[in-house]
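Asks: The residues making up each chain are set out below.
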Amino acid sequence: MSLAFLSVDAASDQKGFHPVAKSAIERAQRDIGATFEERDGWLVPVSIPGEENHAAVGIADVSHLTKLEVRPAGEPIVVEGATPGVRLKPDTSTCVWYEISPRRGLVLCAPSLGDAVRAEGGDRYSLDVTSAYSVIAISGPEADTVLRRMTHIHHFPSGGEIAHVQGHVLRGEGGYWVICAQELGHYVWEVAVDRASALGGGAVGVDAL
Amino acid sequence: MGTRGAFCCAERADGGCGVRLSPQPGERIDRSQPIPFTFHGKTMQGFAGDTIGSALYASGQRVFSRSFKYHRPRGLVCCSGHCANCQMTVDGIPSVRVCTTPLTEGAVVKGQNYIGSLERDLMQATDKFAGPFTPPGFYYKTFIRPRKLWPLYEKFLRGAAGLGPLDPNGSRQERVDTENRHADVVVIGGGQAGLEAAIGAAQGGESVVVIDEGYDVGGTLLADRDGIGTAAELRGRAVDAGVELLAPAIAIGLFEQGLVPVAYGNVLIKYRAHRVIVAAGIVEQLLVFPGNDLIGVMLPDAVRRLVNGFSIKPAERAVILTVDDRGLQAAADLEAAGVEITGVVDFRAPHTPSIEAQGKGGKVSQVAIDGRFVKADLVVMSGSPQPNYKLLAQAGARVEYDEGRGVFVPTDLPAHVEAVGAVLGDVGEPAVPDAILGYRGDKCFVCICEDQTTKDLKYAIAEGFDSIELSKRYTTVTMGPCQGRLCHTNSIRVYAKTTGLDENTIGTTTSRPPYTPISMGLLAGPPQEPRKRTSLHHRHKDMGGTMMWTGAWRRPHSYGPDAGAEAQHVHQALGLIDVSTLGKILVTGPDAGAFLDRVYPNRFSDLKVGRTRYGVLTGDAGRIMDDGVVARVDENTFYVSATSTGADGVYQWFTWWNAVWFMDVQFANMTGALAAVNVAGPNARKAMQRVSDDDFSSEGFAYLDAKHVTVAGVPTLALRIGFVGELGYELHFPGSLAEHVWDSIFEKAADLDPKPFGLEPQRILRLEKGHVIVSQDTDSESNLHEAAMPWLVKNDKEFEWVGKWATQQVADRGLKWMLVGFESPTGAIPVEGGQVVIGGVSSGRVTSVRRSAELDKVIGLAIVPNELAVEGGRFDVQVGGRPVPMVVHMGAFYDPAGEKVKS
Amino acid sequence: MSMLVTCPNCGPREVQELRCAGETTSRPKSTPSVRELNEYIYFRRNVWGTQREWWFCRTCEDWFMAERHTYTNVVERTWAPEAPSAAQNAPMGDAA
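Residue numbers (this note's numbering), protein chains in the order written: chain U, 250 to 458; chain S, 50 to 952; chain H, -13 to 82.
Keep in mind that the hints are not guaranteed to be accurate.
With a cut-off of at most 30 Å between alpha-carbon atoms, the simulated DSBU-like pairs for lysine-lysine come out as follows [what the hints assert, rightly or not]:
(1) U:Lys264 <-> S:Lys797
(2) S:Lys159 <-> S:Lys197
(3) S:Lys853 <-> S:Lys843
(4) S:Lys504 <-> U:Lys264
(5) H:Lys15 <-> S:Lys865
It is worth saying that the hints were derived from the structure and are not from the lab.
Hey, can you work out the whole structure from these sequences and the hints?
Replies: Here it is, written out as C-alpha cells:
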C-alpha cells in the first residue's frame, strides 16, 4: 500500500527497533509528572499528579485514538461490536463517526479497530490522519464553561474556531472531545488547562476520565 | 453637611451612620450584614446591598472625583452608571463607576485624577487661573511651538491628561476570560419594559438573558418607593420563567446579526442572539445653568435612589429646579426623608427666573433665584429625560428629533433588533421647556465629562466649527466617558440657539462602542498566542536549538553560536534538519496528473512513479507564488510539497481551481500529520543503512527518486533531493513517531558524527547551490523568466496553464531583470535588501547574502538588470553608505556539476 | 465585521472562520490580448450592490459562492459551485 507512510499503526518492531508513538502533548504532561503506559503502540498518559483535585473539570489527552478520514462521507461507518457515540474515556470498543462535511467523514477509533474501520469504508477514498490531530477531552461539571471560554461552537458535533485556531468539537456524556491540528495540540491543551484552572480544574490522566 | 469632615460617619463607635434613615420598607440594604471596606486607607463600612457609591455617600463622602480638564471637585450626579462623576480606582482598577458597583468586603477604594488629595487637588489651578485661557483647541494651538519644547510639554501634558492612571510597566493584574454564549433573546435593559419583554419571550419558550448596567435590574423602578416592590415582583417572575439576569453588566455594543459583547465582571461574554430587544429606557438630563456642576447638584432619580433604595438622607436643605414632574416627585421623597425644601422652581410656569448655584469648596451652598438667595446643600435638577437610544444608533438606527415631545427618537431599527419601552420616546410628559437656562452665564456646563460649557461651544461655532460633527471633534463634547448620554441633547440645543437652525437640521452624532468605557484587558481577553510546533520541537530544545518564528511555526535557527560551522559539518559528515513545516499535499485521482499540468508551468502527467520533479506555482498574473518538489508515489497519487508558510495557501489554491474545473481529483493537506527530516551529508547513505534494510545505494535509489522505505520500523516516504547540496534523503513519516525516528538515527549512526542543523545553516547551504527561496529571493513582481527559471515553462501543453499568458508576455516584452548569483570580492557583506547601484542609479537589490565557510567567500543572490546577467558582470551594492563592487556568478557556487548530490 | 455567513456545508459561520476571495472573474477562453489579460487580472467591477464572490470555509475546507451586498454586507445567498457540463472546461469565475 503506497500510503503506508501516513499510518502510525503501520509501524512495527523491526531490526531491533521498537517504534512508540507520542502525542504532541506528551512533553507538556511529562513536565507535570504524568505517568505513561504503552498501549497499542502509543505512550498513553494514564495519570497525572493532582488529578484528584480536578473534579470540577478535567482536561485529558486522548490523541492516541486512530483517526481515519473517508471521502465522500456517505453512510456512517459502524464496526461490529464497537460502541458508537462519544464516551470521553476511550477503550477498545471506541469507534466514533463524525461527518465534517458531505465530502469528508472522520472516524476516531481504538487503534485495534483501525483495520475493521478501513474494511467497512469499502471503496471510499480513505486517508490515515491519526497523526494529523490532537484530541483533548474536557470532562466534568464545568466542562461547558471551559468550552464556552475557548470557542463559540455550541452545536455538536461541529467545527470552527477554538482558542483562535481551527478545530472540531464532539459531545459525549459529561463533556467534550476537542479535535485540533496536532501542531497546535500543545497550545490548545495549554489554553484548556488554563481555562480549567480558573474553575477549579486541570489536567487529568486518561484513566481518570 | 458641607462643613462636615469627609470621614465623620465611619468613625462613629457604633459603626452606624448618621445619614442613614430609620429602616423603611423596600430598602436595598441589609443592616444585619455590615461590610467593611477602605477608602484612602481608612476603614469604612456599608451594608450588603450597598454600592460603593452609596456606602461612601452614607459615610459622608461628597467629593467623588476631579473633573477631566479643570479638576473641579465632583460628586454623585446620576447614581445609575451614566456619568463619569463617580469614577474611582477600586482594587487597583481605575475609572470604576462606584455608583453601580456592588460593595464587596475589603474593597480598596481610592480617588483619582488629582495631585495632593481628592479634597484639595493642586491641579485645580487649571480651573482658577487657566480656565478663561483654555478654550477649545487651546492645547492644539498653544503647544505646537516652539517645536523644540514639545518633549517638555508632552511630559507635563501626559501627566495632566486622562483620568485614572495605569502603570505603563505593570503587568496584567487580574485574570480575565472571554466566554461565548448563545440565547434566543438578549434583552438590553432590565427596567419594567425589558423585564416584561423578557418574561413574555421566556414564557413563549425562548431562552432569554437580560443585561442591565445598574446595580440590579429594575431600572427607574428602583428610584421609586412603590416601584421597588414592582421591580422585585418582576424580578421574581423573570427568574421563575427561566430568564437569566446579569447585573451590573454592560452591553458594550450592538453588532451585526445579534452579536452583543457584554462586560460582566472579569468576563467578556459574547452573546449571539436571534433577537435583540433594546429596553434601555431613559437618561435624565442636566439643566444648564451657572454652577450646575457643583457637588450636590443632582438628577432626581439619583436622589430618589439614595433615599428610597439606600435609606440615605442625602442633605439638609434642597432646592428643586425642574421642567417636569420628576423634580416634584423627588421633592416629595426628600420631604418624607426629613429634608427641608427651601425652594421649588418649576420652569413650566410662565415666568422663567434666572438661576445660579453657588458653592463653597466646590459644594453647593446656596442658589440665587432671580437674585434672591436660598440656602441649600442639595439641588435637584430635572432637565427632562431623553430616550437612551445610543446602542440602537450604533447598530444603525436613525435618530430623529420629535419636536412635539422634545425628544430624540430612534427609527428604522436594523434587522434582528427590536426596542420596547421608554427608549422609543415615551418618556412621560413633553419636555418642551428649555433646559438651557444659563446660555449667557459663566460655568454653565453642557458636558461634565469633558468640562465643556456653553461658552466653549459658542466659541467653537464662532471659530467656524458650526457642524455638530466638527464641533464634537474640536470641543470633544459628547466624547467623554458618558458617550454623550448626559450632554448630547443639550449640546444640540446650544447649537440650535446659536445658529438658529432646528434640531433635525443640526442632526445627531453617533457614539461608538464601547457604550461605557471598559478595560483594555477585558477586550484583549486572556493571553494566548497560537504557535505551531513540529513533532521534534522538544528534541530541538533538548539539543540546544535557538527557536525562531517562520510564519506561525517555531523552528530552530541553529544549535549554537556558529551557524557557519554547523553548515560545514553537513559538507563534511552528517546533518539532520527538521523540515516538518514543509507543506505536504496529497493530490490523488485519475485526473491528478492532468490537474497538476494545469496549475504548474511544467508537466507532471509524464512523471514516472517513484520520481520527483521541482515545480513552481504562478498565478494568472505570472507571479511566482510558491515552489516545492512533487513526487509521484503511485499512478494516481502525487505528493506535493510547498513552502512552510505557503501550505494553506497552496491547498486553497488547488481546491479553488478544482471548484471550477471539477476534475476527478482529491486534495488532502497532510502538512501537520507528517514529520519530515532531511538526512544529508557524505555519511547520509551509511546512516540510512543503519536504520533501514531498504536499498539506499546510488543505483537502487538514484538522485530525484521517491521510494517507500521502512526506517527504524516506520513506513516512510523517502525523497532523494539535494536542496543543501550534499547527498541527502528527505524522510516523510507520521509525526507521532518523529522522536523515535530522529533518536534512532542519532543512536545507530552515532559513529558517523550526526549533528542537527537549523534554518540558518540551511540557508547558507542552499545559497552555495544557488537555490532560490520563494518570497526571500522572489517578490510579488517575480516571474519565471526573470527569476531565472525559464526551463520550467512548457508551453506545449494542451491546456492554457495558469500563468501561461502573463509569463509569455514577459518573454515577449523582453527581460528587464534577472536573479543572479554574485560574489563579494572584497569580503564586504551587504545587507539583504541592499540597493544595487549602477552609475549612481538604484538598479535592483540584494535578496540573499551569506558568508560561506566552506567556500571561504561572501556569496549572494541579487536582482540586477538583465544585461548584467553574464559571468563576471559587475555592479555595486551600497554597504555602509559606500558602493562596494560585486561580481556576477552564473550557476551554483558549490559543486556546480552536482556530483555530490548525485553521488 | 461580525457578520455570519452561511457555508453550504457547515451552516452559519462567524466571518473570521471564512476567507472571502473576492468577486468572481472570467478567465479568457483562449490566448488573450494584452488588454484582455490585464482586464482579467487587474480589473474588478467593484459594484455598489449585490456581488458574486468566492468564499472558503476553514472548517470543512470547501469553496462556495455567495451573493453579498457590498454596502449592507448582507449575504443574500450562498451555494456550492455546480459542475460545468462535460463539454465545457469552465475556467475560474465561470462556474456559476
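Asks: Below or equal to 30 Å on CA atoms is what counts here, so check lysine 264 of chain U against lysine 797 of chain S.
Replies: 11 Å, holds
Asks: Going straight from one Cα to the other, do lysine 159 of chain S and lysine 197 of chain S come out at no more than 30 Å?
Replies: Roughly 37 Å between the alpha carbons, so the hint for lysine 159 of chain S and lysine 197 of chain S is violated.
Asks: Hint check: lysine 15 of chain H vs lysine 865 of chain S, CA-CA at most 30 Å. Holds or violated?
Replies: 29 Å, holds
Asks: Would you mind confirming whether the straight-line C-alpha gap from lysine 504 of chain S to lysine 264 of chain U stays at or under 30 Å?
Replies: 92 Å, violated
Asks: Measure nothing beyond the straight line between the CA atoms of lysine 853 of chain S and lysine 843 of chain S; if it is 30 Å or shorter, mark the hint as holding.
Replies: 9 Å, holds
Checked against the numbered hints given earlier, this structure breaks hints 2, 4; the rest are met.
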